[in-house]
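S.K.: Please work from the sequences and hints to get the whole structure.
First to last, the protein sequences are chains R and C.
Using my numbering, you'd call the opening residue of the first sequence number 16 and step up by one each time.
Using my numbering, you'd call the opening residue of the second sequence number 16 and step up by one each time.
No lab work stands behind these hints: they were computed from the structure.
Where hints are given, some of them may not hold.
Each pair may be met inside one copy or between any two copies, as identical chains are not told apart.
Taking lysine-lysine pairs in the DSSO-like style, the calculated list, with each CA pair at most 30 Å apart, reads [claimed, not checked]:
no.	residue 1	residue 2
1	K196	K96
2	K38	K98
3	K111	K244
4	K111	K196
5	K111	K216
6	K174	K216
7	K56	K196
8	K96	K174
Owing to the predicted nature of the structure, the values given are computational and were not obtained by experimental measurement.
Protein chains: 2
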Amino acid sequence: MHAETSTGAHQPLEGFADLVHSKGALLIVDAVTSLGGHELKVDEWGIDAIYSGTQKCLSCPPGLAPVSFGDRALAIMDARKTKVQSWYLDVSMLRKYYTGGGGGRVYHHTAPINMTYALHEALNIVLEEGLEARIARHEKMHLRLRAGLEAMGISYIPKRSLHSLNCISIPTGADDAGTRKRLLEEYGIEIGSGLGVMAGKAWRIGLMGHGSTVRNVDLVLTALREVLK
Amino acid sequence: MHAETSTGAHQPLEGFADLVHSKGALLIVDAVTSLGGHELKVDEWGIDAIYSGTQKCLSCPPGLAPVSFGDRALAIMDARKTKVQSWYLDVSMLRKYYTGGGGGRVYHHTAPINMTYALHEALNIVLEEGLEARIARHEKMHLRLRAGLEAMGISYIPKRSLHSLNCISIPTGADDAGTRKRLLEEYGIEIGSGLGVMAGKAWRIGLMGHGSTVRNVDLVLTALREVLK
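M.R.: Shown next as structure tokens:
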């Protein structure tokens with residue numbers, strides 16, 4: 016988990032691949048909430064397979080999952096003896112569709128072309144800002160929000176927080192659902208509730224892609240301060 | 016196969032369910048190229064599971080597969096003892112997501128909301144025309160194209176043709192790829208090639224959704240006549 020969406024934890028991945036590969040295993044990474052908002056060096060970090068979503072830090076509509084596979088993963092795929100149970104998610108067929116396989120591209124499915132155009136444009140927007148500048152913006156906005164929250168006595172739950180998702184402890188005495196409802200109805204701000212064992216204990220504030228701005232950070236801080244009063 | 020997209024064959028389904036059910040089996044139907052263009056009585060015909068696509072006769076962007084399950088299929092699903100291998104395509108989880116399961120809706124995935132809005136609008140357009148009127152239009156346009164093609168000595172391959180997809184024999188002496196290339200480059204008309212054993216022997220002319228019009232039928236007839244000269 017490079018980016019743990021339900022807890023807001025950020026897991027640095029340097030060094031993991033060496034450990035994993037020394038045991039003969041492959042490293043698969045969940046980067047749904049980090050791609051486009053956090054540094055992510057797929058090859059340098061030795062990642063064998065990685066997947067993300069379009070709807071988080073890329074600010075593209077939801078509906079596609081960008082994926083990438085390295086040479087180790089492809090070698091395992093090529094050596095596979097058993098049939099893949101799913102036609103839809105058979106990556107060996109998707110590979111022939113997208114990259115061809117000696118004999119050229121092999122039809123697999125009708126492409127969701129509008130989503131593909133949307134992703135293309137979203138990536139253009141990322142490049143217009145510059146990927147490094149975008150990652151730096153996510154960090155800066157996270158630090159701005161963090162400083163404001165900590166000044167209000169609110170603490171972060173994960174030891175190392177994602178810049179795109181801020182998972183904080185609900186202040187003592189605050190009404191979980193009531194606060195979120197007022198933020199939504201009075202300010203048009205939706206923050207996430209805690210999940211599983213963190214239900215009723217955590218709030219999750221997303222600062223992803225085009226939403227990660229000074230305006231939004233300052234608005235959520237002001238709104239939260241008002242509602243908590 | 017209610018609608019066989021690669022051969023243009025239309026399979027009437029009345030009576031099939033009785034036979035299938037008498038053997039203790041379920042009837043699953045492919046209606047990718049018929050939904051919105053052909054009569055399709057899911058409950059009346061005793062269909063247990065059916066799937067389609069948004070990009071054919073519904074004239075919606077590609078990216079979603081409308082599906083429906085009847086009581087028999089749901090009972091089998093509920094009695095299942097083995098784990099579904101795919102999370103993504105686990106219909107029991109999708110069911111809890113879309114319809115709730117006693118305890119309300121259970122989160123499964125981030126919905127492709129733009130596609131959902133697109134489908135909603137496409138269905139509105141279907142209802143504005145009227146489903147029966149739309150189906151009648153598909154039949155009328157098919158008959159118009161058929162009359163024109165047969166007047167040119169061109170014959171249909173399937174005994175019973177889809178109205179949405181016209182699979183015809185390539186006339187003797189005609190250049191398969193060259194004809195399709197000229198239709199595309201000179202007239203902006205793309206017709207499909209034959210697939211598998213029908214490669215080089217068949218052409219497939221789609222008349223689906225908003226494309227099934229007098230203008231398009233007459234244009235393709237004129238263009239084909241000119242190119243074949």
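S.K.: For each hint, tell me whether it holds in the structure or not.
M.R.: Here is how each hint holds up against the structure:
no.: 1; hint: K196 x K96; verdict: neither (53 Å within a copy, 41 Å between copies)
no.: 2; hint: K38 x K98; verdict: both (26 Å within a copy, 29 Å between copies)
no.: 3; hint: K111 x K244; verdict: neither (59 Å within a copy, 38 Å between copies)
no.: 4; hint: K111 x K196; verdict: between (48 Å within a copy, 25 Å between copies)
no.: 5; hint: K111 x K216; verdict: between (47 Å within a copy, 26 Å between copies)
no.: 6; hint: K174 x K216; verdict: within (16 Å within a copy, 66 Å between copies)
no.: 7; hint: K56 x K196; verdict: neither (38 Å within a copy, 44 Å between copies)
no.: 8; hint: K96 x K174; verdict: neither (43 Å within a copy, 41 Å between copies)
Of the numbered hints stated above, those contradicted by the structure are hints 1, 3, 7, 8, listed in ascending order.
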